[in-house]
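Asker: Note that the protein sequences, when read in sequence, are chains A and B.
The first sequence begins at 1 in full-length UniProt numbering and counts up by one.
The second sequence begins at 1 in full-length UniProt numbering and counts up by one.
Certain hints may be false.
Because identical chains share one entry, a pair is satisfied inside a single copy or across any pair of copies.
[What the hints assert, rightly or not] Listed next, the in silico EDC-like pairs over lysine to aspartate or glutamate satisfying Cα-Cα at most 16 Å (straight line): (1) K51 with E266; (2) K410 with D193; (3) K410 with E200; (4) K369 with D343; (5) K410 with D205; (6) K104 with E324; (7) K24 with D193; (8) K104 with D92; (9) K259 with E183; (10) K369 with D271; (11) K259 with D271; (12) K369 with D193; (13) K375 with E242; (14) K303 with E58; (15) K375 with E208; (16) K303 with E324; (17) K303 with D395; (18) K410 with E188; (19) K410 with E206; (20) K104 with E379; (21) K410 with E203; (22) K410 with E372; (23) K24 with E35.
Because the hints were derived from the structure by calculation, they are not lab data.
Please read all numbers here as calculations on a predicted model, not as lab measurements.
Protein chains: 2
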Amino acid sequence: MSAPTVPFTGSPAIGLVCRNCSAKYPIAAQHACWECFGPLEVDYDLDKLAKVTRADIEAGPQNIWRYAPLLPAGVDPATRVSLDPGMTPLIDARNLAAALGMRKLWVKDDSGNPTHSFKDRVVSVALTAASQLGFDRFACASTGNLANSVAAHAARAGVPSIVFIPYDLEPGKVTASAVYGGELIAIEGSYDDVNRLCSELTETDEFETTAFVNVNVRPFYAEGSKTLGYEVAEQLGWRLPEQVVIPMASGELLTKVDKAFTELAEIGLVDDRNVRVFGAQSAGCNPIATALHAGTDVITPVKPTGIAKSLNIGDPAAGPYAIEAVTRTGGWMDFVSDDEIRDGIRLLARTTGVFAETAGGVVVATLRKLLETGKLDPEAETVIYNTGEGLKTLDAVAGAPTHQVRPSLKAVREAGLLG
Amino acid sequence: MSAPTVPFTGSPAIGLVCRNCSAKYPIAAQHACWECFGPLEVDYDLDKLAKVTRADIEAGPQNIWRYAPLLPAGVDPATRVSLDPGMTPLIDARNLAAALGMRKLWVKDDSGNPTHSFKDRVVSVALTAASQLGFDRFACASTGNLANSVAAHAARAGVPSIVFIPYDLEPGKVTASAVYGGELIAIEGSYDDVNRLCSELTETDEFETTAFVNVNVRPFYAEGSKTLGYEVAEQLGWRLPEQVVIPMASGELLTKVDKAFTELAEIGLVDDRNVRVFGAQSAGCNPIATALHAGTDVITPVKPTGIAKSLNIGDPAAGPYAIEAVTRTGGWMDFVSDDEIRDGIRLLARTTGVFAETAGGVVVATLRKLLETGKLDPEAETVIYNTGEGLKTLDAVAGAPTHQVRPSLKAVREAGLLG
């Protein structure tokens, strides 16, 4: 398979660059540096980025593609392989702020995306790039949400998919992948096992034209997360918040939201401001937060446990970069127990009407902990990210009716519901 | 409780009018005519409606409130009690059209709403009206989706809620109501029993200030469904489709989408065109379609069965009006079995990436049947409505991985996945 001569018409991307040693490469399906094995990310023509105006963006569609001039692929609408996610609500969380004693709190609710997690953003960008790079099958290693999104994108595009998941995923996430009709492979191991296997598969002849969104086209995939930073800035009226709290699995989402804020200021779309970035993990999988607490950026892998399965990456690739972003901006990281996660889901639901999956519970519970420990300023304007949907992790907060009665006024009265 | 002197500032609504005998009433929490017991609907100042322009609407927010000048309540943003639903995707369903031999087919996908069904639209309008009418507790009789939406709206607004559901609902819909923390009352009977009980409760002193969205403030509630017609017209570039297929429970959604199309043409926002309206039911609950097939508009109530629980209203209040709309426009109605519903869910998922709840499966399967029987024209531009989310009715299409293997290349090879 040969790369197109002029890849990604109109794109501001000019190549790939190593996050460790800054070695540069052309646009291609490559994710690791041949010099130092460091991760690659997309390199942009900064002059081209600087020409993008607020008006350009505001004239775009009500989805992530309004930011196409800031993304590595998809400037030409005909090239997009997408469910058109994005522009999800930024909710003024007055009751939650009051409950926590905060001045101003927003919830960026990404459960409104087509497959109800932020993964639709990264998959749309990854598959748009992959399609132009000549791949003809879509794949991923997933903790669940990514599986849903890749299978759904492939179905819409009419392209075969093969999705790899740990065998012990929540039933909801299994059905919500299987329904799209692609290959769905349960691996008898952890997500980290699945991920390693997929890395090996990309090296086989049989998978040469298969795009694993978070492996061989990962640099493009990761850039999709920037839209969660762009949208918050635009929805606040083209300005940056003071603090953000972001769930961490690989740690990549946090680094890309931070990158989005920095980029917007650099190209003049918002006033520059330091945004303190906070990371949230579960106690069952806390290798990044634990490293930060120990004063190191060397991540010691863990074997994940606990209910926040979508965050259960024990060997998080972007961990050191997340620690760098948090340290540079004056933020912090913390982690919470399964019971705190459940309480976080309920607190968010009861104060905002947003039903989050366990990852959202992790964020709310970590927000509370960061307030209690004085790490997060209750007076500073804060945005928390809910990245997924409660309907996918129902068992975490399985609920029952408060009363069960026969269909008569008498029964209702006897149940004490008539005062 | 006294009604406000000038209800609903800026609203084009001037009163309520009986759908049977045209008796007129002032704006109030009243749903039945004192003369003939017919259902009331909102009466508008047509001169005021006719002044609304496309530009007015396009300048509004990306949710149902852009149509506030055409709704009974909510013109003043400060009065809105809302999760801000609406402007959900209209998807060009190319692969599904090809599979069914159709020229042009769109899916209006309302699973993107905040609680993932079209009910957020009607609840937002009902509670906005209810709040201004002085109600201080929110309630409903629900087959599930409405319960989710009322409980979530109440949580966001910080208002108590009491929600009544049949005791045999899908667990997903129970948890997705319970999580919001209001009262959730399971009734040992069918939805029709729940509905009758709620009608009785509105007459009690204890529920005098409780707004049952689909009982005592039903005229306002029903108007919210018009936005599903407005949005389709706007998303098509301010024009009407030739055919629409709509799921029927009470039958009200169908009548209001038809009303929206008629209204848009009357006030000059789109060119007039006859839109053939088709209704879809399940074989387990088909009283409206059965009446039409028998050549009558007298509905014989049924005892609902089958998996399409969100449509299981055996005594559908708006049935005769749905038959009138279908007959007037040259449409038709049909119904499908549980197996056809499951196939419909899978076909939609595999061709569009949209995972619908059982009601969406009813629509897709009915579309297929209408094509097979020659009732629906495959050459005419058609819009089908998916009103809910597959994650809420997972059991209907519970899926499993296509393979389960150990985490090694060898195991993947032995499973036949390497060619």
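Asker: Each of the hints needs a verdict: does it hold here or not?
Answerer: A quick look at each hint next to the structure:
When the C-alpha separation of K51 and E266 is checked against a cutoff of 16 Å, the pair qualifies only within one copy, where the shortest distance is 11 Å, while the shortest distance between copies is 45 Å. When the C-alpha separation of K410 and D193 is checked against a cutoff of 16 Å, the pair qualifies only between copies, where the shortest distance is 14 Å, while the shortest distance within a copy is 58 Å. With identical chains, the CA atoms of K410 and E200 are at most 16 Å apart between copies only, with a shortest distance of 11 Å across copies and 66 Å within one. Within a single copy, K369 and D343 get their C-alpha atoms as close as 12 Å, which meets the 16 Å cut-off; across copies the closest is 47 Å, which misses it.
Taking the closest pair of Cα atoms, K410 and D205 come within 16 Å of each other only across two copies (14 Å); inside a single copy the shortest separation is 72 Å, beyond that limit. In the homo-oligomer, the alpha carbons of K104 and E324 never lie at most 16 Å apart, since the shortest distance is 26 Å inside one protomer and 51 Å across protomers. Within a single copy, K24 and D193 get their C-alpha atoms no closer than 30 Å, and across copies no closer than 69 Å, so neither meets the 16 Å cut-off. Proximity of K104 to D92 under the C-alpha cut-off of 16 Å is restricted to the intra-copy arrangement: shortest distance 8 Å within a copy versus 40 Å between copies.
When the C-alpha separation of K259 and E183 is checked against a cutoff of 16 Å, the pair qualifies neither within a copy, at 34 Å, nor between copies, at 44 Å. Within a single copy, K369 and D271 get their C-alpha atoms no closer than 30 Å, and across copies no closer than 57 Å, so neither meets the 16 Å cut-off. Within a single copy, K259 and D271 get their C-alpha atoms as close as 15 Å, which meets the 16 Å cut-off; across copies the closest is 47 Å, which misses it. With identical chains, the CA atoms of K369 and D193 are never at most 16 Å apart, being 31 Å at best within one copy and 46 Å at best between copies.
Proximity of K375 to E242 under the C-alpha cut-off of 16 Å is restricted to the intra-copy arrangement: shortest distance 13 Å within a copy versus 59 Å between copies. With identical chains, the CA atoms of K303 and E58 are never at most 16 Å apart, being 44 Å at best within one copy and 51 Å at best between copies. Proximity of K375 to E208 under the C-alpha cut-off of 16 Å is found in neither arrangement, the shortest distances being 47 Å within a copy and 47 Å between copies. For a Cα distance limit of 16 Å, the shortest separation of K303 from E324 qualifies neither inside one copy, at 23 Å, nor across copies, at 63 Å.
In this assembly of identical chains, the alpha carbons of K303 and D395 never lie at most 16 Å apart, being 22 Å within a copy and 31 Å across copies at closest. Proximity of K410 to E188 under the C-alpha cut-off of 16 Å is restricted to the inter-copy arrangement: shortest distance 13 Å between copies versus 54 Å within a copy. In the homo-oligomer, the alpha carbons of K410 and E206 lie at most 16 Å apart only across protomers (13 Å), although the nearest pairing inside one protomer, at 68 Å, exceeds that limit. For the homomeric pair K104 and E379, the shortest alpha-carbon distance inside one copy (7 Å) is at most 16 Å, but the shortest distance between copies (53 Å) is not.
Taking CA atoms no more than 16 Å apart as the test, K410 paired with E203 passes between copies only; the shortest distance there is 14 Å, against 70 Å inside one copy. For the identical chains of this complex, K410 and E372 are neighbours neither inside a copy (48 Å) nor across copies (50 Å), given an alpha-carbon limit of 16 Å. When the C-alpha separation of K24 and E35 is checked against a cutoff of 16 Å, the pair qualifies only within one copy, where the shortest distance is 10 Å, while the shortest distance between copies is 81 Å.
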